[in-house]
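Residue numbers (our numbering), protein chains in the order written: chain A, 1 to 379; chain B, 1 to 379.
Simulated from the structure, these hints should not be mistaken for laboratory data.
Please note that the accuracy of each hint is not assured.
Same chains, same label: a pair holds when it works inside one copy or across any pair of copies.
[To be verified] Derived pair list, reagent style DSBU-like, types lysine-lysine, alpha-carbon separation capped at 35 Å:
1. K376 to K289
2. K376 to K333
3. K258 to K289
4. K70 to K107
5. K107 to K333
6. K70 to K221
7. K261 to K289
8. K70 to K289
9. K175 to K221
10. K333 to K175
11. K376 to K70
12. K289 to K76
13. K258 to K376
14. K223 to K70
15. K105 to K333
16. K258 to K175
17. K258 to K107
18. K261 to K333
Letter by letter, the chains look like this.
Protein chains: 2
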Amino acid sequence: MPHSAGQPHDPSPAFENGTEWLRGDGPASDVVMSSRVRLARNLAGLPFVHRAGAADRVHVLDLVRAQVLKAGLCEKIMWANLHELGSAERSLLVERHLISKQHAKGKPASHPGSVLAPGPAPAGIPDDPRGVAVGLPGERLSIMVNEEDHLRIQVIRSGLALDEGWAEIDQIDDKIEAGLDYAFSQRFGYLTACPTNVGTGLRMSVMLHLPGLKLTGDIEKAKRAAQDMNLAVRGFYGEGSDAAGDFYQFSNQTTLGKSEKVILQDLQQEIVPQIIEYERVARRTLQSKRATALEDQVYRAYGTLTHARLLTTEEAMQMLSHVRLGVVLGLIKHVEQRLVNQLMLLIQPAHLQRVLSREMDQEQRRVARASLLRAKLAG
Amino acid sequence: MPHSAGQPHDPSPAFENGTEWLRGDGPASDVVMSSRVRLARNLAGLPFVHRAGAADRVHVLDLVRAQVLKAGLCEKIMWANLHELGSAERSLLVERHLISKQHAKGKPASHPGSVLAPGPAPAGIPDDPRGVAVGLPGERLSIMVNEEDHLRIQVIRSGLALDEGWAEIDQIDDKIEAGLDYAFSQRFGYLTACPTNVGTGLRMSVMLHLPGLKLTGDIEKAKRAAQDMNLAVRGFYGEGSDAAGDFYQFSNQTTLGKSEKVILQDLQQEIVPQIIEYERVARRTLQSKRATALEDQVYRAYGTLTHARLLTTEEAMQMLSHVRLGVVLGLIKHVEQRLVNQLMLLIQPAHLQRVLSREMDQEQRRVARASLLRAKLAG
């Protein structure tokens, strides 16, 4: 089947104020930036992605795209073939948490060990056919096609809202399944490329802002406690990324043997509220016992962001983290939390180049980043 | 002879704008904070200070005080008996560069090896009789009595003005000598407690602000070059102090075998102008090749000083150094160099407590220092 998903959709996400995870107004948004629910799904009768040749993957892409566009998942679906996008556009999608770094990078089309489709892609077929569907407005929904699994469906909500996210993704999953045959085993549940996802195929995660625990020095203790409760702790951009700006992603590890409802209840009602409470206690301790040191950190960060002429992403994230804490605690009154959240996205390399409509080397980005922050934060 | 120098003079120097070394308007004041000329002198027929008992030192104090007060050295002389001052007042004098740290601290009145006056001070005589005369207005002149030598006379001038300083101190020296008999040898010249001062008893020094050489990394090279030319390089508060705020004191080492005129000419015409030129070249290099990095340093420093809630003396000095550089280079336009100079004095611990009229522990001083800097520098 020829590749047919190339209609000219605008692959660049809009810079809208409504981007869900930047809104900063969900439940417990003083600590919880966003909640994310994702499902791993595969199509029955087709090889898993890492065993599939290019033609198989194009087939998956076409099937999923057709169903996703007609299923009425949300107001509007933006579709992009990632193998047709330049690296700047793909980086934009990563920075917006719409696709994984792995999905942006892609992988070889054929694998030496593949019995089903050995050798290079046939003429006229892309090397690594893969795509993404993004739900608008708000970019709450995204569906990666041909990442590790045929489908990786994710719903993001502002604040602590795994329950709402679950309700939404459950409906979306049903609508997609109405037109596609999922690989499912009565014994194991949903089948996935990696055994750690088998069963529910569900991963729930929350992005927590923990500057208080960082400043009191209790962050490692909190991470260990979470790990003891079977949570994985990752950075701002997921697996393998650093905890930029004191953001930590906590997610469940178990997908097999526990129902979705139990996973949801554990996280939403028990574990995450506990971590939130640790962070709030840390902030209260700082406010009562080390108020001046706290203010010093917050205002220095603001002073640096409004005066520096060169800023790396890492430093800017760290400073924005302290400013965000200052805003949440009422120390900085004239800056809105949503603006700080937005800046955390806009200072990322690809967004910075997009905002300024030109490619830049690292040094130029540092200048542009500092300049943008001064302009946006100036009192 | 009873101790008679205790008339109630105000031992606290005035906080006047006219303080000479803070004016910031002398020659080459972009680099040279101040020039200092000092003479070491001793009275004939009396033991050197480290060999003198308390009664001898009181005698020296009385002789010098009487002559200094009547010799018409300048508009007004403020006299203080240091052994009668509290440590806060003595620290103020150190911070204003009017007395040495050693002179503030004092020393035991009698020395085990002293043949002239063994044992403790007799009843009614202070343990460590010592004083200082300060010339007003401007505090250009100060005379330490019973420091290492009976007299240490110093004249400070703003900018590079060793010649004016020398002309002034030469006259003052003559006026003092008119009523006192100096220890002098036809063969060696003026006799001093330490052989390194014998001969002219002269030391000339300049306080240079070298942030450019610090930022380009050439400061150590410049220091070595100065040492090769027989200059001693010290910090902001002289011997044993650190180079706070990128200030370095360069002074001549040789007092014997070179006339005052030759020492003066070497420093004022040859060596110091060379170091000044190194610094100016470094600044021009920064401006032409690393303009953004330079601006980044300058504005970050300003941002920190106008936002921090806790500042140590060391950090404040370093930030003020960068702000001073920014003012001199025209990057910061609304702040005057004189204000930056004054702040470098006002943020020192004793001055800070004086300004706020209360004693403070280190943490309180950090708060007060940050608060003062914000108030004074706010645009």
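Alpha-carbon proximity between K105 and K333, which holds within one copy, between copies, both or neither at 35 Å: neither (41 Å within a copy, 48 Å between copies)
K258 and K175: within-copy, between-copy, both or neither at 35 Å Cα: For K258 and K175, the Cα distance is within 35 Å only inside one copy (23 Å; across copies 98 Å).
Intra- versus inter-subunit Cα pairing at 35 Å for K376 with K289: both (32 Å within a copy, 28 Å between copies)
35 Å Cα threshold - placement of K333 relative to K261: Intra 40 Å, inter 63 Å, cutoff 35 Å: neither.
Up to 35 Å CA-CA - K70 versus K376, copy category: Result: close neither inside a copy nor across copies, 40 Å intra and 65 Å inter.
Alpha-carbon proximity context of K333 and K175, limit 35 Å: neither (44 Å within a copy, 64 Å between copies)
K223 and K70: within-copy, between-copy, both or neither at 35 Å Cα: Neither way: K223 and K70 sit 42 Å apart in one copy and 76 Å across, limit 35 Å.
35 Å Cα threshold - placement of K221 relative to K70: Classified as neither: same-chain Cα gap 48 Å, cross-chain 73 Å, threshold 35 Å.
Homo-oligomer pair classification [K107, K70; C-alpha up to 35 Å]: within (28 Å within a copy, 93 Å between copies)
Alpha-carbon proximity context of K70 and K289, limit 35 Å: Answer is neither; intra-copy 57 Å and inter-copy 58 Å both fail.
Within, between, both or neither, where K258 and K289 count as close if Cα-Cα is 35 Å or less: Intra 43 Å, inter 62 Å, cutoff 35 Å: neither.
Intra- versus inter-subunit Cα pairing at 35 Å for K261 with K289: The answer is neither: 40 Å in one copy and 61 Å across copies each exceed 35 Å.
The structure fails to meet hints 3, 5, 6, 7, 8, 9, 10, 11, 12, 13, 14, 15, 18 from the earlier list, while all remaining hints are met.
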